[in-house]
Amino acid sequence: MDTIEKTQYTVNDFKSDQLVRWCPGCGDYAILAAMQKVMADIGVAPEKTVVVSGIGCSSRLPYYVNSYGFHGIHGRGAAIATGVKVANPDLTVWQVTGDGDCLAIGGNHFIHSVRRNIDINVLIFNNQIYGLTKGQYSPTTLKGCITNSSPFGTIEEPFRPGELTMGARGTFFGRVLDVDMKSSHMTMLAATKHKGTSVVECLVNCVIFHDGAHKYLSEKTTREDRTIVLEHGKKMIFGKNRDKGLILEGLNLKVVTIGENGITENDILTHDAKTPDPTLHLKLILMSGPEYPVALGVIRDVEAETYNDALTKQIADVQAKSSVKTFDDLIDSVEQWEM
Amino acid sequence: MQLTGTLFSNLSAILGNEISTFPDYPSEIRAPQGTLFGVSGFQVHLGSEKIYTPGDDADVLVTMNPAALKVNAKGIKKHSIIIFDTDAFGKKELEKAQFTTDNPFEELKISDTVQLIPVALTSLTQESLKDFDMDNKSVLRSKNMFALGLVCWLFNRPIDAAIHFLSGKFKNKPKVLEANVKVLVDGFNYGHNLHLNVSTFQVNKSDSTPKGMYTSISGNKATAWGLIAASKKANLELFLGSYPITPSSDIMQELARRKDMGVKVMQSEDEIAGITTAIGASFAGALAATNTSGPGIALKSEAIGLAVMAELPLVIVDVMRGGPSTGLPTKTEQTDLLQAMYGRNGESPVVVLAASTPANCFHYAFMAAKIALEYSTPVVLLTDGFIGNGSSLWKLPKFADLPEIKPHYVKSGMTGLSATARDPETKIRYWNIPGVPGLEHRNGGLEKNYVTGAVSTEALNHQRMVDARQAKVNYVVNAIPDLKVEGSADADLLVIGWGSTYGHLKTAVLDLNEQGKKVALAHFTYINPLPKNTAEVITKYKKVVVCELNGGQFATLLRTKVPGREYLQYNKVQGQPFSSAELEEHISSLLK
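These protein sequence lines are chains A and B, in that order.
Per our numbering, the first sequence starts with residue 1, numbered consecutively.
Per our numbering, the second sequence starts with residue 1, numbered consecutively.
Just so you know, these hints were derived from the structure itself, not from any lab.
Some hints could be false.
Said to hold, decoys possible - Mimicking DSBU-like on lysine-lysine, the simulated pairs with C-alpha atoms at most 30 Å apart in a straight line are:
1) A:K220 <-> A:K182
2) A:K15 <-> B:K205
3) A:K48 <-> B:K259
4) A:K325 <-> B:K398
5) A:K325 <-> B:K427
6) B:K233 <-> B:K427
7) B:K233 <-> A:K313
8) B:K406 <-> A:K313
9) B:K233 <-> A:K325
10) B:K427 <-> A:K321
11) B:K406 <-> A:K325
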């Protein structure tokens with residue numbers, strides 16, 4: 001039964017006539033491809049789809065998707081996408097943004113769209129650098145990193161997008177890696193199914209200004225040992241040999257090896273992305289190497305009322321109770337007198 | 001005080017008077033009582049014929065403390081009546097208001113010219129409510145009702161009408177109503193029993209007001225309702241993105257109340273989100289608006305440019321206040337005109353309108369939306385603190401009588417339209433709303449190819465696009481009425497004004513005409529584009545003086561738009577409206 005819907009659209013239906021103009025080898029290509037595959041899979045028509053962006057390399061993406069699109073101004077993509085969704089909740093709205101656009105100039109709009117739980121899918125292309133303006137450090141650039149605007153190394157602590165999402169009371173957070181198409185597709189698909197602001201951090205490589213920023217993770221031979229792909233209801237197992245797992249020791253996560261020290265698969269944590277309690281989700285978000293694998297996949301996926309639904313409902317409730325139905329009714333409702 | 005003022009003016013309007021009000025209050029919410037900067041005032045002008053302003057100098061001043069007296073003493077007529085609360089004129093209060101003697105009236109040199117009515121307002125109110133189980137704070141709050149009763153007596157308002165009116169106001173709070181009515185009636189009777197040699201006022205019903213049903217409305221509320229009416233006329237949802245800022249917030253608050261009208265209001269995280277959510281909403285097919293004041297309009301500049309570039313309908317309401325920067329939040333000015341015209345990067349033309357009375361904010365908000373939708377352009381509507389907070393009589397409209405609004409939609413049968421597709425003659429872009437198969441396109445802030453809509457930096461294409469966006473705004477001239485001239489038909493001197501100064505200018509010009517002085521008035525509400533006949537009107541007069549509440553911004557604009565003649569200026573930047581008297585004096589001096 002599902003097949004009818006799934007085959008309704010193909011990836012080609014979501015490709016525009018514009019030549020993609022990112023640098024050869026840019027990680028953005030992979031995210032675009034995964035996104036278009038998800039668009040085809042969910043069966044929402046191109047005319048019901050809106051892709052909104054701000055400014056930056058990634059924000060050029062709307063031009064490459066055959067849908068309605070809006071390429072806004074620096075940092076304001078979240079607010080523009082919010083307006084689109086609130087004005088017309090029937091549309092499926094994507095916001096495409098980067099670490100500078102989303103977390104520097106657009107930081108305020110980002111946290112508030114997350115807090116309001118606007119039903120949009122947000123893809124943050126995190127390459128830890130400003131690309132389009134040519135190589136300045138961004139809010140996610142690691143401390144000490146030498147860039148065109150930090151010739152002696154940055155002296156700032158970076159944001160961690162997932163942590164910020166949790167701080168803004170996010171209901172969905174996922175993380176994907178440009179070179180891992182399979183988990184990217186799975187995570188974005190879950191993002192589209194989640195009602196509310198679905199934040200997906202896309203770790204992408206900028207070959208020109210920050211080549212290898214995510215090399216520790218993307219290296220093919222070690223990737224499976226250095227990352228863990230989380231899925232709701234599945235055991236937190238990872239590693240090339242699928243023999244490593246996560247357990248809780250006291251209040252902390254711990255990496256263990258199945259088969260060692262009496263550890264069996266039963267001891268390994270099962271991922272609960274649906275629990276409203278953000279404590280463990282935050283711990284998973286903050287995991288970093290070499291002590292821990294970096295979490296990819298769907299880390300948090302919690303149901304909560306969306307702003308757009310709540311507003312629609314509030315309007316309907318007021319209208320059902322009010323005797324003021326038309327503009328003339330409104331005029332009649334005021335204190336008035338004849339002169 | 002604000003409540004008492006509103007009650008008295010509405011009561012007077014119900015009794016058939018023309019009214020015009022001007023609330024003037026400090027920006028502090030609970031400014032220390034009795035200090036000079038903490039004075040909150042409410043000016044109301046009643047007319048038995050058409051009036052255009054809240055008036056210059058007062059016939060009656062009700063003052064609750066010495067500070068209020070001091071601040072308002074220069075704004076009263078020579079033989080005015082001053083009602084003052086003797087309980088609040090002790091040594092401490094006088095010192096607080098920086099009086100150095102114990103007779104403030106003498107110190108202000110008004111003791112010989114005004115008629116004083118000393119009333120122990122505080123203790124009389126306490127006495128009046130002694131049988132009520134109320135705390136002292138609530139009792140003191142009722143002082144205003146005692147004053148209202150006194151004023152009703154002074155202006156011969158039937159007390160029954162006042163009681164009836166109060167009953168409507170407090171119908172859900174019977175205890176509050178009972179107390180207020182008691183104090184009101186006691187105040188009224190107290191006036192009666194004063195047996196003072198005071199001549200009370202008789203302001204008869206106005207016969208010059210066109211017949212019809214009326215209400216009293218503030219400019220901000222009228223603006224909100226104008227947008228609602230436009231959304232209904234255009235059969236669109238109204239979306240407002242807005243961030244609270246004085247004196248504009250009332251527009252958002254009024255629209256937030258109107259969920260019955262289906263209005264979607266988002267209180268956004270900042271001014272920029274206010275306008276960018278509205279741009280998103282416009283892209284998605286709503287009648288979108290944002291409202292702001294003061295520094296808020298500066299914050300929105302970049303996004304107004306985006307709306308210009310994307311050629312989307314958008315209404316931006318700027319309730320101007322004293323600036324620059326945060327300036328004088330609760331005071332009025334016309335200092336954002338050139339910012340509205342030009343305050344953006346690039347060649348970025350927008351339509352600019354300016355309402356001229358509290359009530360006609362409705363009309364201009366409606367017209368701003370109509371032009372935005374029919375010409376696919378952002379429209380800036382300028383009002384200000386004076387007309388935004390002030391109120392005047394409003395003849396209630398019938399929905400059927402309002403003009404039609406026909407948004408510039410993609411015409412049926414059109415397919416494969418580019419993001420920039422426009423009517424070849426008028427240059428108006430087709431509003432291409434998501435949801436229609438085959439019309440997918442990408443809009444945004446980058447320059448686009450005139451034909452394909454794809455991003456383009458090509459030299460001649462950019463020129464063509466700049467010209468098209470300008471031509472579209474110029475074309476709006478066909479939608480706006482000609483400039484009218486009022487006053488003497490054979491005047492040599494033309495007074496020019498725009499926006500909220502209309503009432504004061506008209507009063508001054510009519511007064512001068514009555515004195516046999518030949519002066520005419522041309523008042524602008526359409527600023528960009530200017531009415532077609534602007535040059536024709538302006539060049540006819542020997543002398544032209546542009547009067548405005550800024551350093552000369554409209555004069556500067558006219559020098560560019562209608563060059564080749566001298567423009568005299570009369571400017572005031574004090575956070576206060578003109579007075580008709582100062583205008584008369586200045587205009588008279590130009591006749592010599």
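Tested hints:
no.: 1; hint: A:K220 <-> A:K182; result: holds (14 Å)
no.: 2; hint: A:K15 <-> B:K205; result: violated (71 Å)
no.: 3; hint: A:K48 <-> B:K259; result: holds (26 Å)
no.: 4; hint: A:K325 <-> B:K398; result: holds (14 Å)
no.: 5; hint: A:K325 <-> B:K427; result: violated (37 Å)
no.: 6; hint: B:K233 <-> B:K427; result: holds (24 Å)
no.: 7; hint: B:K233 <-> A:K313; result: holds (24 Å)
no.: 8; hint: B:K406 <-> A:K313; result: holds (29 Å)
no.: 9; hint: B:K233 <-> A:K325; result: holds (14 Å)
no.: 10; hint: B:K427 <-> A:K321; result: violated (45 Å)
no.: 11; hint: B:K406 <-> A:K325; result: holds (22 Å)
The structure is inconsistent with the numbered hints 2, 5, 10, although it conforms to all the rest.
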